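Student: Under full-length UniProt numbering, the first residue of the sequence shown carries the number 1, and numbering increases by one thereafter.
Quick caveat, the hints were computed from the structure, so don't treat them as lab data. Computed from a predicted structure; not experimentally measured. Among the clues, some could well be false.
List of simulated lysine to aspartate or glutamate pairs, EDC-like, C-alpha gap at most 16 Å [what the hints assert, rightly or not]:
id, residue 1, residue 2
1, Lys152, Glu184
2, Lys123, Glu133
3, Lys123, Glu102
4, Lys123, Asp101
5, Lys174, Glu88
6, Lys152, Asp53
7, Lys174, Asp126
8, Lys103, Glu133
9, Lys37, Asp52
10, Lys79, Asp53
11, Lys37, Asp53
12, Lys174, Glu133
13, Lys174, Glu125
Using C-beta positions, here's what the derived DEER-type ranges look like [as the list claims (entries may be wrong)]:
id, residue 1, residue 2, range
14, Ile77, Glu102, 33 to 41 Å
15, Leu128, Asp101, 16 to 24 Å
16, Pro151, Thr81, 37 to 45 Å
Even for Gly, the Cβ is constructed at its ideal location relative to N, Cα and C.
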Amino acid sequence: MKTMTVVKIIVPGILLLFLFSCSTAPKGSDGKELHKKLYLDANLEFTLTVPDDWSRRFLPATVGSPATYAVIWQSPIDKETPDIDLAEIRVDLLSRQTPMDEKSLANRFQLSHPGFNSTAVRKLEDVLFTTVELLGHTSARSYQVLFIQAPKQVYQISFSSVPEQFAPNQQLFKLVFGSFAPLE
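Can you make the complete structure from the sequences, with help from the hints?
Tutor: As structure tokens, this is what we get:
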């Protein structure tokens with residue numbers, strides 16, 4: 001039993017590491033080569049690749065989550081503009097074995113982010129798992145939120161930043177999202 005669990009966790013991680021080591025290094029929003037690191041969370045059952053200079057923290061889970069924590073990464077402080085809020089990527093486990101519809105996913109996010117105004121909700125095509133994208137903003141931040149309905153879990157991955165940093169970081173978020181893989 002333990003061998004099977006190890007295989008289910010280690011093999012996807014090794015495959016992701018191999019795939020990313022063979023690709024050319026992408027550029028960050030500052031135009032410099034982006035260095036990445038693989039993150040594996042056995043409790044929340046996912047892996048993803050994040051910029052290696054982003055700091056990681058653990059926060060309380062979203063209300064109603066079966067998990068005890070969420071994981072958040074923050075961009076490094078820009079020495080030229082240290083007063084600007086940091087860009088963030090957050091991963092929450094929302095549910096285990098409970099599919100959720102687009103409207104309830106969007107409402108759940110809006111309830112946990114006071115002042116959030118939704119500008120678009122849509123299902124994404126050409127992705128491995130059913131994925132709903134929510135775009136919107138508060139008075140201080142812009143958000144792109146992806147709800148991923150894997151076979152056994154529903155995840156929320158959100159990217160947020162101040163509006164002027166949102167567009168320059170979109171390519172980076174696509175790379176992080178593209179590396180996300182639930183562990184089965």
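Student: Taking the Cβ atom of Leu128 and the Cβ atom of Asp101, is their distance within the range 16 to 24 Å?
Tutor: holds, 20 Å
Student: Lys174 and Asp126 were given as a pair; does the straight-line alpha-carbon distance stay at or below 16 Å?
Tutor: holds, 14 Å
Student: Hey, Lys174 versus Glu125, does the alpha-carbon distance stay inside 16 Å?
Tutor: Judged against 16 Å, a Cα distance of about 14 Å means the pair holds.
Student: Is the hinted pair Lys103 and Glu133 satisfied, with a Cα-Cα distance of at most 16 Å?
Tutor: Holds - the C-alpha atoms of Glu133 and Lys103 are around 11 Å apart, at most 16 Å.
Student: Decide if the proposed pair is consistent with the structure: Lys174 and Glu133, CA atoms, cutoff 16 Å inclusive.
Tutor: Holds - the C-alpha atoms of Glu133 and Lys174 are around 12 Å apart, at most 16 Å.
Student: Can you confirm whether the C-alpha distance between Lys152 and Asp53 stays at or below 16 Å?
Tutor: Given that 16 Å is the threshold and the Cα spacing comes to 31 Å, the pair is violated.
Student: Take a look at whether the Cβ-Cβ distance between Ile77 and Glu102 falls inside 33 to 41 Å.
Tutor: With Cβ atoms ~36 Å apart, the hint holds.
Student: Regarding the pair Lys37 and Asp53, is the alpha-carbon distance no greater than 16 Å?
Tutor: holds, 9 Å
Student: Decide if the proposed pair is consistent with the structure: Lys123 and Glu102, CA atoms, cutoff 16 Å inclusive.
Tutor: Answer holds: Lys123 to Glu102 is near 8 Å, not above 16 Å.
Student: Is 37 to 45 Å right for how far apart the beta carbons of Pro151 and Thr81 are?
Tutor: At 42 Å between Cβs, range holds.
Student: Sort out whether Glu88 lies within 16 Å of Lys174, counting only the CA atoms.
Tutor: Holds, because 13 Å separates the two Cα atoms, which is no more than 16 Å.
Student: Taking 16 Å as the top limit, are the C-alpha atoms of Lys152 and Glu184 close enough?
Tutor: Between Lys152 and Glu184 the Cα gap is close to 8 Å, so the pair holds against 16 Å.
Of the hints listed earlier, the one the structure fails to meet is number 6.
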